[in-house]
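Engineer: The chain contents come next:
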Amino acid sequence: MTLNASPHRQQIAFGLPSILIYFTLGFMLIAGLFGAALFGAQETAGSAGQWMTALDLSVPAFWPSGTPMRHPLYIARAVDLRHSPLQPVGSTAAHHSFRSSAGCSAGDTP
Amino acid sequence: MRAGPLFQWSGRDLGRHRIKAALVFLALSTLTAMVATVLLLNQAVALTFGRLLDHSPAIIVRQVGGGGWLPLPAEDALSAARAVPGVVQPRIRIWGVVNHGDQAVTIVGLGQQPRGLLPDGFQSPGRGEALIGPGVTTATGEARILLTGQQAVDLFVRGQLPPSAGMAVHDLVLLHVDDARTLLGLRPDQASDLAVEVFHPEEAESLANVLKQAFPWPVQVTTRSAVRKAYAAHFSARGGAGLLSFMPALLALVLLIVALGAWGLQLEPDMGLMKAMGWTSGDLLRLHLTRAALMGFPAFVAGLMGAWILCVFAPGNWVTRFLFEWSGPPLELSSQGLVVPLALTTVVVFFPYLAANFWSGWRTVQADPMALIQGRAR
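These protein sequence lines map, in sequence, to chains S and U.
Residues 2 to 111 in the numbering used here are what the first sequence lists, from first letter to last.
Residues 146 to 523 in the numbering used here are what the second sequence lists, from first letter to last.
For the record, the hints were derived by calculation from the structure and aren't laboratory data.
Ideal Cβ placement from N, Cα and C applies to all residues, glycine included.
Treat the hints with care, as some may be off.
As the list claims (entries may be wrong) - Cβ pair distances, simulated, as ranges:
| hint | chain 1 | residue 1 | chain 2 | residue 2 | range |
| --- | --- | --- | --- | --- | --- |
| 1 | S | Gln51 | U | Thr282 | 32 to 38 Å |
| 2 | U | Asp221 | S | Pro65 | 52 to 58 Å |
| 3 | S | Gln51 | U | Arg332 | 28 to 34 Å |
| 4 | S | Gln51 | U | Arg373 | 53 to 59 Å |
| 5 | S | Pro65 | U | Lys165 | 47 to 53 Å |
| 6 | S | Gln51 | U | Leu171 | 40 to 46 Å |
| 7 | S | Gln51 | U | Ala407 | 56 to 62 Å |
| 8 | S | Gln51 | U | Gln295 | 43 to 49 Å |
Can you make the complete structure from the sequences, with help from the hints?
Structural biologist: Have a look at this one:
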């Protein structure tokens, strides 16, 4: 670009390519993102859902068996797990929610 | 000033500083991708969990005592549940947790299979047989599995459940109901718990209270919606903790903002010249923000796109395996699942970026043109 270039040529040389590049890039990314969101959502839980129905499972196997998060109702209510050092942080949150919202009333337990 | 020339001038400025623009683009997109990946993955786990929970029984009734769970008298429990109007399909469940080696597995007793054949062409195991989940391993070359509960039971492994169903059956062992009772120490007239459906799903909560009074022994009644709420709270807390873990990344954002400020200093003489030539302060501020948006918006979207690709299309699920030790099938993520992570990432990353640019632009346009030209504005 030389100093005596016309304003019109300056505009083409400096402005349009950058605008075209950035907007094309932005548009492609947005279109790709929402296209993937709308059409690319994978129904991977289908088979697992059928097994859950067939076996009457209460909770998916996202956590290992024997842990409070996997079977929160299976844990003896006489045990308070808040201070268990073996549990990862927050792992007993759901368990305590059950105790407060769906647990037995005081009269049910000795 | 009209928008067209603003974009042209902004593009021109970025073109003059290609390397800096590319570095800011890279920094912002990387930061966005890091934050969004954690949020999207957490959302994907929560969404997938919620969809699977739709397949669980509407209400579970367990007999409880001072020490926790107690076996349920099967026939009495079924009779009591059938007497409650609105309750449909009451059925007993035989299941529990036993040891396999030094690991715990969940066993499910089948025999009086209430809902037809098992999915994927599997048949219920007979006496002495077991179907094991994809996460359960046996000794090399052996097709037997030794489970230890109230008693030890040695079973022939007839097959392995499909890995595609791993979200539900990862560490499950399916066996005949009599074997399950032996392992769990249940008498033939006892069950682990009772599952029921409700005629109107919206009545589940109120039916839970009725059911609680319908049994002659203390019971714990749990509805699907209570389970859903409890786990939703857990996932929400987990997402917040994940976001907190990225607090150090905000340092990167601060450095980015400092870099943008330094860049703005270099552009001040140009701004001063424009102001002296008749550009208004509003024009200059708009130019400053347009330039920031022209660079920042594609970078932000690129970061989100990168996070999306990592979460959903990453080969071998290496991201989920690294962050969650998840080795199962890919998690689900729909357009609904995008909203919360997108909003949070915007608040955490993009708004501070725009605010920093607004702040530096505002300070610049308020200065005297000659001070800007001579670099004495600050």
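Engineer: Determine for every hint whether it applies to the structure shown.
Structural biologist: Each hint tested on the structure:
{"no.": "1", "hint": "S/Gln51 with U/Thr282: 32 to 38 Å", "in the structure": "24 Å, violated"}
{"no.": "2", "hint": "U/Asp221 with S/Pro65: 52 to 58 Å", "in the structure": "33 Å, violated"}
{"no.": "3", "hint": "S/Gln51 with U/Arg332: 28 to 34 Å", "in the structure": "31 Å, holds"}
{"no.": "4", "hint": "S/Gln51 with U/Arg373: 53 to 59 Å", "in the structure": "20 Å, violated"}
{"no.": "5", "hint": "S/Pro65 with U/Lys165: 47 to 53 Å", "in the structure": "49 Å, holds"}
{"no.": "6", "hint": "S/Gln51 with U/Leu171: 40 to 46 Å", "in the structure": "45 Å, holds"}
{"no.": "7", "hint": "S/Gln51 with U/Ala407: 56 to 62 Å", "in the structure": "58 Å, holds"}
{"no.": "8", "hint": "S/Gln51 with U/Gln295: 43 to 49 Å", "in the structure": "31 Å, violated"}
The structure fails hints 1, 2, 4, 8 (numbered hints given earlier, in ascending order).
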